[in-house]
Structure formats: C-alpha cells, structure tokens
Amino acid sequence: MQDKIYDVIVIGAGMAGLTAAIYAVRANKKVLVLEGKTHGGQIITTFHIANYPGLPKVSGVDLMNSVYNQAKELGAEIEYAEVMKVKDEGEFKSVITEDFEDGSDEGKYLARTVIIATGSSERKLGLENEEKMTGRGISYCATCDGGFYKDKPVAVVGGGNTALYDALYLADVASKVYLVHRRNEFRGDAFLVDKLKTKENVEFVLESVPVKLIGEKKIEGLEVENLSHEKRTLTVDGIFVAVGRVPATEIFTKLKKDEGGYIEAGEDCHTNIDGVFVAGDCRTKNLRQLVTASGDGAVAATEAVHYLG
Amino acid sequence: MIEGTSDNFENEVLKAEGLVLVDFNADWCGPCQMMKPVVEAFGEEHKDVKVVSVNIDDEEELSDSYEVSTIPCLVLFKDGKEVAREIGVISPKKLAKMLEK
Numbered sequence: 001m002q003d004k005i006y007d008v009i010v011i012g013a014g015m016a017g018l019t020a021a022i023y024a025v026r027a028n029k030k031v032l033v034l035e036g037k038t039h040g041g042q043i044i045t046t047f048h049i050a051n052y053p054g055l056p057k058v059s060g061v062d063l064m065n066s067v068y069n070q071a072k073e074l075g076a077e078i079e080y081a082e083v084m085k086v087k088d089e090g091e092f093k094s095v096i097t098e099d100f101e102d103g104s105d106e107g108k109y110l111a112r113t114v115i116i117a118t119g120s121s122e123r124k125l126g127l128e129n130e131e132k133m134t135g136r137g138i139s140y141c142a143t144c145d146g147g148f149y150k151d152k153p154v155a156v157v158g159g160g161n162t163a164l165y166d167a168l169y170l171a172d173v174a175s176k177v178y179l180v181h182r183r184n185e186f187r188g189d190a191f192l193v194d195k196l197k198t199k200e201n202v203e204f205v206l207e208s209v210p211v212k213l214i215g216e217k218k219i220e221g222l223e224v225e226n227l228s229h230e231k232r233t234l235t236v237d238g239i240f241v242a243v244g245r246v247p248a249t250e251i252f253t254k255l256k257k258d259e260g261g262y263i264e265a266g267e268d269c270h271t272n273i274d275g276v277f278v279a280g281d282c283r284t285k286n287l288r289q290l291v292t293a294s295g296d297g298a299v300a301a302t303e304a305v306h307y308l309g
Numbered sequence: 310m311i312e313g314t315s316d317n318f319e320n321e322v323l324k325a326e327g328l329v330l331v332d333f334n335a336d337w338c339g340p341c342q343m344m345k346p347v348v349e350a351f352g353e354e355h356k357d358v359k360v361v362s363v364n365i366d367d368e369e370e371l372s373d374s375y376e377v378s379t380i381p382c383l384v385l386f387k388d389g390k391e392v393a394r395e396i397g398v399i400s401p402k403k404l405a406k407m408l409e410k
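Residue numbers (my numbering), protein chains in the order written: chain R, 1 to 309; chain G, 310 to 410.
A few of these clues could be false.
Said to hold, decoys possible - Derived DSS-like pairs: lysine-lysine, alpha-carbon spacing no greater than 30 Å straight-line:
1. R:Lys217 x G:Lys324
2. R:Lys87 x G:Lys324
3. G:Lys403 x R:Lys72
4. R:Lys152 x R:Lys108
5. R:Lys108 x G:Lys410
6. G:Lys359 x R:Lys231
7. R:Lys218 x G:Lys403
8. G:Lys324 x R:Lys72
9. R:Lys4 x G:Lys403
Claimed, not checked - Between beta-carbon pairs, the in silico distance windows are:
10. R:Thr233 x G:Glu369: 22 to 32 Å
11. R:Ile96 x G:Lys356: 43 to 53 Å
12. G:Lys356 x R:Glu225: 51 to 61 Å
13. R:Ser228 x G:Glu349: 54 to 64 Å
14. R:Phe47 x G:Lys406: 27 to 37 Å
15. R:Thr233 x G:Glu370: 21 to 31 Å
16. G:Pro346 x R:Ile96: 24 to 34 Å
17. R:Asp105 x G:Glu353: 22 to 32 Å
18. R:Gly54 x G:Glu376: 36 to 46 Å
19. G:Glu376 x R:Lys199: 21 to 31 Å
20. G:Trp337 x R:Gly309: 39 to 49 Å
21. R:Asp189 x G:Lys390: 23 to 33 Å
22. R:Glu225 x G:Glu326: 17 to 27 Å
Unchecked claim - Chain R is nowhere near these chain G residues, computed Cβ spacing over 12 Å in every case:
23. Phe318
24. Leu328
25. Val392
26. Lys402
Everything labelled a hint here was simulated from the structure, so no lab data went into it. Don't be surprised by glycine CBs; every beta carbon is placed ideally from N, CA and C.
Generate coordinates for the entire structure from the input sequences, incorporating the hints supplied.
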C-alpha cells in the first residue's frame with residue numbers, strides 16, 4: 001500500500017493537469033496523474049494552434065505529446081484509469097478508479113493533495129438515442145467529421161460562435177446546411193451570421209428546438225419544434241451539435257460549484273476543501289485557453305506544494 | 310499494423326478467422342494520432358488479434374460501407390463479422406474490454 005501514497009494526485013492529463021505534474025515533480029513531490037482516456041485533453045482535436053506563444057502553428061497532438069513526455073521524464077507517474085470517486089479522509093484523500101473492487105488494493109490511491117484538472121466535454125442535446133447515434137450521424141466536431149458529409153444535407157444545432165463556424169465550414173462541404181437555433185438572434189459574432197446569409201445552401205431554422213432524432217441505424221432526419229409548437233422534419237444525414245460545453249465535475253459532490261457545474265476557486269486555485277485544488281477549464285473563470293490552463297496548473301501545483309509544507 | 314485497402318479488406322478482415330481490430334483513421338485527425346500508439350501497443354500485447362489500419366481519405370468506399378462517420382473509429386471483427394465498435398479516444402483498458410464483448 002505504501003507505494004500507492006502520493007504527495008499529489010492530479011486528475012486529468014490535459015494541459016492543466018500535466019503542467020501541474022511538471023511543477024509538482026520539480027518541487028520533489030511524488031506525483032501521479034490519472035487519466036480516463038488518452039493524454040492531451042480537448043486541444044488534441046486542433047490541427048494548428050495559432051495563439052500559443054512561441055510555437056506558432058504547432059499541432060495539438062505534437063504539443064501535448066511533448067508536454068506528456070516532459071512530465072514523464074521529470075518523474076511524474078501517469079496511469080490510464082477513470083477516477084470514479086474522491087473521498088476526503090483528513091490527512092489523506094482516497095482516490096478510487098474504475099479498477100477498484102471491494103476488498104482489493106487495486107484501483108485505490110492515497111494522496112495528501114489532489115489537483116482536479118478534468119476539463120470539460122461537449123454538451124449533449126439530451127434526446128433519445130443520442131449516444132447510440134453518435135458516430136452514426138451525430139457529431140460534436142464539424143472540422144473532424146464534416147468530410148464524411150460531402151454533398152449530403154446536414155443540420156447544425158446551436159447559436160454561439162462554434163455553431164456559426166461549423167455551419168460556415170459545412171456550407172462548403174455539404175449540399176445543404178440547416179442551422180437550428182432556439183432563439184431569433186445569435187450569441188455568436190454578427191459578421192459570421194452575415195457571412196452565412198450569403199451562402200445559398202444555408203437555411204436558418206430559428207426559434208426552434210430539436211425534439212427527435214429520426215433513423216434506426218443511422219441518422220436520416222431531425223425533427224424540430226418551433227415556438228408555436230409546429231413540428232417539422234429536416235431530412236439530413238448528419239447532425240452537428242454545438243450547444244456549448246459542460247465541465248467534467250459530476251463526481252465531486254462535496255465541492256462548491258457554480259450553476260454551470262464549474263468548481264468555484266479564485267486565481268489561487270483553492271477549492272472549499274483543504275488540500276484539494278482545481279486547475280484549467282473546469283474552474284470558474286472567464287478565459288478558457290491553453291495558456292490559462294497551464295497557468296492554472298502551475299499555480300495549483302505550487303499551492304499544493306505550500307500546503308504540503 | 311497492416312494497411313487495409315479495398316483490395317485486401319476481404320482477405321485480411323472478412324475472410325480472416327478469429328479476431329481482427331480495424332482502426333479507421335486519418336492523418337489530419339488529432340485524436341486518431343493519439344490512439345495510434347494505444348492501438349499498436351494493443352496489437353503487441355494481443356498477438357491473437359490482427360490489427361488493420363484503414364486511412365479513410367484513401368479508402369472512402371470502405372469507410373462508407375461500414376458507415377464510419379466519426380473517427381477515430383475502432384471496429385472489432387470476429388470471423389469476419391462486426392462484434393464491437395468504439396469511437397473517439399479511449400483508454401488502453403477500454404480497448405482491451407472490447408474483447409470481452
């Protein structure tokens with residue numbers, strides 16, 4: 001059991017988590033990073049990062065593999081297992097992963113401090129069969145999957161910049177793009193809306209919400225309903241969902257969060273529980289970027305090191 | 310890892326006995342690049358599973374016929390029949406769990 005006690009356990013191996021690991025190992029702490037999928041986080045879907053200082057045009061994958069190797073070479077341990085639960089037991093927090101079974105030592109770790117860097121994931125529409133249809137017509141990334149819909153009709157759902165950019169991108173690929181938005185006006189930038197209006201194959205479906213996914217084995221249409229409760233079925237092969245993101249914080253039930261689920265903490269990354277820190281996109285803040293994620297990682301690790309004394 | 314093409318897919322996958330894991334991917338897809346070493350390590354560890362990589366840009370017909378519309382997409386075949394499918398980045402453990410299905 002002794003070998004499973006860590007000074008710092010970081011949950012999540014994206015930019016915030018790996019930066020925290022780098023700072024904590026360099027302060028001679030014993031560090032474990034737990035990651036449920038692959039390292040890298042959200043940025044790995046970005047082909048060219050244009051705003052990371054000093055590395056113009058670096059790809060998300062190259063940057064994050066480099067950060068991962070850096071953390072590992074410095075001595076951070078990294079394990080691929082999803083964290084299911086964290087319990088505050090005073091001096092130690094126990095971290096339970098998917099590998100844990102009652103009565104075994106497997107999948108249970110003890111940490112003097114925990115840094116939560118779990119990031120966020122795409123918000124779902126909340127419709128029946130949505131998960132089953134993901135990869136069968138439902139997509140949350142237009143630039144990843146748009147190419148599959150060459151000359152086919154698609155719908156984009158959402159009203160922010162992501163939805164507008166997705167619709168613009170898809171207008172050049174798909175035969176037809178329905179832009180479905182629950183309001184009459186867009187949250188996103190006006191110049192993007194103007195640009196979309198010049199595209200002949202883009203149709204605005206406003207004041208309408210998606211109510212049903214049509215199709216058994218793959219998406220064949222999207223049923224929407226407008227404010228007057230009139231229904232309409234859009235015949236589409238693909239549905240691109242761009243209705244925002246949600247922080248991956250459900251398992252942290254004892255932590256103070258805002259109404260969006262983001263863990264409340266100031267710039268010092270302290271949560272309401274001693275020895276538990278939060279870094280990156282899952283923290284309450286105004287700007288969620290790679291640089292602010294790594295900034296958080298450095299701050300959270302330094303605060304954890306201070307806490308350890 | 311074997312490069313899957315429309316020419317060899319029938320022999321390498323559909324007519325193959327036992328387990329074949331097909332990794333549909335593309336060069337421009339970041340998550341696919343992250344999965345590549347995971348899939349390669351899986352192949353090293355499970356010598357009884359043949360691993361085939363299909364580039365969806367070069368093999369549009371193949372990815373269409375398997376209704377691949379999100380990548381990375383991993384499809385496990387047993388005796389030529391699809392038995393499990395995973396999309397997006399997944400951990401080595403989740404990949405190994407595909408075998409249990």
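query: Does the structure break any of the earlier hints, and which numbers would those be?
result: Hint check: 2, 4, 6, 8, 11, 21, 22 and 26 fail, others pass.
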